[in-house]
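Line by line, the protein sequences give chains D and H. Take the first sequence: its position 57, counting from 1, is numbered 57 in this note's numbering, and each next residue is one higher. Take the second sequence: its position 68, counting from 1, is numbered 68 in this note's numbering, and each next residue is one higher.
Hints were generated in silico from the structure; no laboratory data involved. Don't be surprised by glycine CBs; every beta carbon is placed ideally from N, CA and C. Where hints are given, some of them may not hold.
[To be verified] Derived coverage of chain H by chain D (criterion: at least 3 residues anywhere in the stretch with Cβ under 8 Å from a Cβ of chain D; other residues may be distant):
1. 43 to 53
2. 77 to 88
[Said to hold, decoys possible] Okay, the calculated beta carbon distance ranges per label pair:
3. H:Pro131 <-> D:Lys155: 22 to 32 Å
4. H:Pro31 <-> D:Pro26: 57 to 67 Å
5. H:Pro93 <-> D:Lys155: 26 to 36 Å
6. H:Thr26 <-> D:Lys155: 55 to 65 Å
7. H:Tyr21 <-> D:Gly145: 25 to 35 Å
8. H:Asp20 <-> D:Gln126: 23 to 33 Å
9. H:Leu106 <-> D:Gln126: 50 to 60 Å
10. H:Thr26 <-> D:Gln42: 28 to 38 Å
11. D:Asn163 <-> H:Tyr21: 38 to 48 Å
12. H:Pro31 <-> D:Ser127: 48 to 58 Å
13. D:Lys24 <-> H:Leu106: 33 to 43 Å
14. D:Gln126 <-> H:Arg64: 31 to 41 Å
15. H:Asp22 <-> D:Pro27: 21 to 31 Å
16. H:Thr135 <-> D:Thr105: 42 to 52 Å
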Amino acid sequence: MKIRYLPLALPLLLAACVDYAEVKTPPQSVSFTQKRAQAAVQGYSETTFRSFRSTAKGRKDNQELVGVRCTLAGTGFKAAFVTPAIVKMPAYKGAADPITVTCRTDKERTDKTVKPINMTLLRMNQSSTTSGGILGIALTAAAKGIAKAARDPLKDEFNYPANIHLVLGVED
Amino acid sequence: MSLRLPLVAAVLALSACAADYDPPATPVALPPEPGKPVLQRETVTVSAFLAGASSSLAELNTARCVIARRGQTVTVTTPMMLSIPVHAGAQAPLDIDCNAQIGPRLARATLRHLPETAIADPADTASRHYPEQITIRFRQ
Chain D
1 MKIRYLPLAL PLLLAACVDY AEVKTPPQSV SFTQKRAQAA VQGYSETTFR SFRSTAKGRK
61 DNQELVGVRC TLAGTGFKAA FVTPAIVKMP AYKGAADPIT VTCRTDKERT DKTVKPINMT
121 LLRMNQSSTT SGGILGIALT AAAKGIAKAA RDPLKDEFNY PANIHLVLGV ED
Chain H
1 MSLRLPLVAA VLALSACAAD YDPPATPVAL PPEPGKPVLQ RETVTVSAFL AGASSSLAEL
61 NTARCVIARR GQTVTVTTPM MLSIPVHAGA QAPLDIDCNA QIGPRLARAT LRHLPETAIA
121 DPADTASRHY PEQITIRFRQ
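The following block holds chain D by itself, in its conformation from the complex (with noise of 0.2 Å):
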């Protein structure tokens, strides 16, 4: 393994060994506020909240939390739970919206903003390239352009990420 890799493996490693709360709870549903939300909906992909404290300032300790209540709220849809917690978000196709989390404690509370990810994108990007040298590095770099930009963008599917983490406390 080469050397410049060590800096990227060990933070990798560590976080590995990160022991996370069990979930306890059952994944839950969101709620529609809006029909079109709902008849829009191509499936659910599950979303696991996970709350933290970040205690020294510049210093993130990650000290999980458990037992923080959490609301959601999306375009047409909202949820609301206790972290750790398991929710069935709904999944897109065409567009999707960022959804907003808040979650407080008696002295606490954060916002955060989460953008739906464009896995038909993502998966055209992480598709593997074949090897020929530089010219046949970018000749697939080209082919990939073109076939992202000949794709359907209304087939396009929107997975919100599977782990999201709300930080309370003293910020990075």
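For chain D, the structure is supplied; the task is to place chain H on it using the hints.
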């Protein structure tokens, strides 16, 4: 790596630029202004597209549009052909207000289209005052 893949992708990209839907053959008539004689009628094709990330584009066949000119309005679904009455004198802009269901939201796009030739001369009925194509663009 062969050149086949980029070539196929390029052909696909070019084909994606073409309109996906044909408008109905019969144009929808915008009512003339009351009391003004109609010099000629011009047919404009109105289309709506969704512009996505990475320059992708898809035509919408479900956008509902209200097209207004000097108080005269018509409601249509894209794509469609609009028959615009041309009166003598100054031509008014077309105000187009469209909405379409995209994902969970009812997206809205508006456009004010100015006439290309502002004044209509009764002696010249060959010149166009409005374009042949008007495109409404929604964002993803």
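Consistency of the hints with the structure:
Residues of the region 43 to 53 of chain H lying with their CB closer than 8 Å to a CB of chain D number 4, which satisfies the three-residue condition for coverage. Only when three residues or more bring their CB closer than 8 Å to a CB of chain D does the claim for the region 77 to 88 of chain H stand; here the count is 0, and the claim is violated. For Pro131 of chain H and Lys155 of chain D, the hinted distance range of 22 to 32 Å is satisfied, since their beta carbons lie about 30 Å from each other. Separated by about 59 Å at the C-beta atoms, Pro31 of chain H and Pro26 of chain D satisfy the suggested range of 57 to 67 Å.
Look at Pro93 of chain H against Lys155 of chain D: about 35 Å separates their beta carbons, and that is inside 26 to 36 Å. Range check, Thr26 of chain H to Lys155 of chain D: Cβ separation about 31 Å, and the 55 to 65 Å hint is violated. Checked against the given bound of 25 to 35 Å, the beta carbons of Tyr21 of chain H and Gly145 of chain D, roughly 26 Å apart, stay inside it. Restraint check, Asp20 of chain H to Gln126 of chain D: a C-beta distance of roughly 28 Å satisfies the suggested window 23 to 33 Å.
As the Cβ distance of Leu106 of chain H to Gln126 of chain D is approximately 32 Å, the hint placing it in 50 to 60 Å is violated. Hint check: Thr26 of chain H to Gln42 of chain D, Cβ distance near 35 Å, so the stated range 28 to 38 Å holds. Distance hint for Asn163 of chain D and Tyr21 of chain H: a CB-CB separation of about 40 Å, consistent with the stated range 38 to 48 Å. The given range of 48 to 58 Å is respected by Pro31 of chain H and Ser127 of chain D, whose C-beta atoms sit roughly 53 Å from each other.
Our hint of 33 to 43 Å for Lys24 of chain D and Leu106 of chain H holds, since their Cβ atoms are close to 38 Å apart. Between Gln126 of chain D and Arg64 of chain H the Cβ separation comes to about 37 Å, which falls inside the hinted range of 31 to 41 Å. In this structure, Asp22 of chain H and Pro27 of chain D break the distance hint of 21 to 31 Å, their C-beta atoms being roughly 45 Å apart. Checked against the given bound of 42 to 52 Å, the beta carbons of Thr135 of chain H and Thr105 of chain D, roughly 51 Å apart, stay inside it.
Comparing the model with each earlier hint shows violations of hints 2, 6, 9, 15; every other hint is respected.
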